[in-house]
Amino acid sequence: ETGVTQSPTHLIKTRGQQVTLRCSSQSGHNTVSWYQQALGQGPQFIFQYYREEENGRGNFPPRFSGLQFPNYSSELNVNALELDDSALYLCASSLIGATIYGYTFGSGTRLTVV
Amino acid sequence: DQQVKQNSPSLSVQEGRISILNCDYTNSMFDYFLWYKKYPAEGPTFLISISSIKDKNEDGRFTVFLNKSAKHLSLHIVPSQPGDSAVYFCAARVTVSGTYKYIFGTGTRLKVLA
Chain H
1 ETGVTQSPTH LIKTRGQQVT LRCSSQSGHN TVSWYQQALG QGPQFIFQYY
51 REEENGRGNF PPRFSGLQFP NYSSELNVNA LELDDSALYL CASSLIGATI
101 YGYTFGSGTR LTVV
Chain E
1 DQQVKQNSPS LSVQEGRISI LNCDYTNSMF DYFLWYKKYP AEGPTFLISI
51 SSIKDKNEDG RFTVFLNKSA KHLSLHIVPS QPGDSAVYFC AARVTVSGTY
101 KYIFGTGTRL KVLA
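Residue numbers (the working numbering), protein chains in the order written: chain H, 1 to 114; chain E, 1 to 114.
One or more of the hints may lead you astray.
Simulated restraints on C-beta separations [unchecked claim]:
1) E:A41 <-> H:D84: 31 to 37 Å
2) H:S7 <-> E:D55: 38 to 44 Å
3) E:S51 <-> H:A80: 39 to 45 Å
4) H:T2 <-> E:D55: 33 to 39 Å
5) E:N27 <-> H:F60: 15 to 21 Å
6) H:N71 <-> E:L11: 38 to 44 Å
7) H:S7 <-> E:H72: 36 to 42 Å
8) E:S69 <-> H:S7: 42 to 48 Å
9) E:G60 <-> H:G16: 48 to 54 Å
10) E:S52 <-> H:G16: 41 to 47 Å
11) H:N71 <-> E:A41: 22 to 28 Å
12) E:D31 <-> H:R63: 29 to 35 Å
13) H:E54 <-> E:Y39: 28 to 34 Å
Don't read these hints as lab results, they were simulated from the structure. All residues carry an ideal CB built from backbone N, CA and C; glycine is no exception.
All chains should be modelled from the sequences, with the hints used to inform the complete structure.
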């Protein structure tokens, strides 16, 4: 059973640039969620994808967008990067409705915006 | 608006003793609560969950207690082991517009002393 893998592990971007982060879900999972974890904070929900459609979103502006592919892998895209976007971005997969088993998280992508 | 609060940023416990991690919440619409453990450079790992209709759930050394009237839950680890040293996040689930959304606390860093 494979876990959740994210790429890249670290990334440095300049303010105003665009970035794409990638995630491969755990085998058998059909839902993928993205979280932003700023330093000293808990993970903040960005959005969730199920059946290739966004089916839940947190308080993040439209410049945060995503995709889910038929193989349940996913991308997080952030346009017009701001310094406050510097954070650890976590991808989590799950089976829809299987809350008692929780998410399986990846190790995250550390994004630094300079 | 921090709906899930972990007021103790850190906790130190002797090996073999009980660790008690606390979490308070404000939203009475939360229907599931989960605990995650996070080691450095890794994603959070699901530990245990509890439905809002229960007051206790146990899994090996880990027990979660829920006090709905006080809007408080706690995670007990007995006996504590050095390998339990990690950051622990409390999370709560709410349904928004038909989809699930998870709110995380800011975490408590547990250090188990040998």
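Verification of the hints:
1. E:A41 <-> H:D84: 31 to 37 Å: violated, 23 Å
2. H:S7 <-> E:D55: 38 to 44 Å: For S7 (chain H) and D55 (chain E) the Cβ distance comes to about 42 Å; the hint holds.
3. E:S51 <-> H:A80: 39 to 45 Å: holds, 41 Å
4. H:T2 <-> E:D55: 33 to 39 Å: holds, 36 Å
5. E:N27 <-> H:F60: 15 to 21 Å: holds, 19 Å
6. H:N71 <-> E:L11: 38 to 44 Å: Distance hint for N71 (chain H), L11 (chain E) holds at roughly 41 Å.
7. H:S7 <-> E:H72: 36 to 42 Å: Since S7 (chain H) and H72 (chain E) have Cβ atoms about 39 Å apart, the given range 36 to 42 Å holds.
8. E:S69 <-> H:S7: 42 to 48 Å: holds, 46 Å
9. E:G60 <-> H:G16: 48 to 54 Å: For G60 (chain E) and G16 (chain H) the Cβ distance comes to about 49 Å; the hint holds.
10. E:S52 <-> H:G16: 41 to 47 Å: The hint (41 to 47 Å, Cβ to Cβ) holds, given that S52 (chain E) and G16 (chain H) are roughly 44 Å apart.
11. H:N71 <-> E:A41: 22 to 28 Å: holds, 27 Å
12. E:D31 <-> H:R63: 29 to 35 Å: holds, 31 Å
13. H:E54 <-> E:Y39: 28 to 34 Å: About 30 Å separates the Cβ atoms of E54 (chain H) and Y39 (chain E), which means 28 to 34 Å holds.
Taken one by one, the earlier hints fail for this structure only at number 1.
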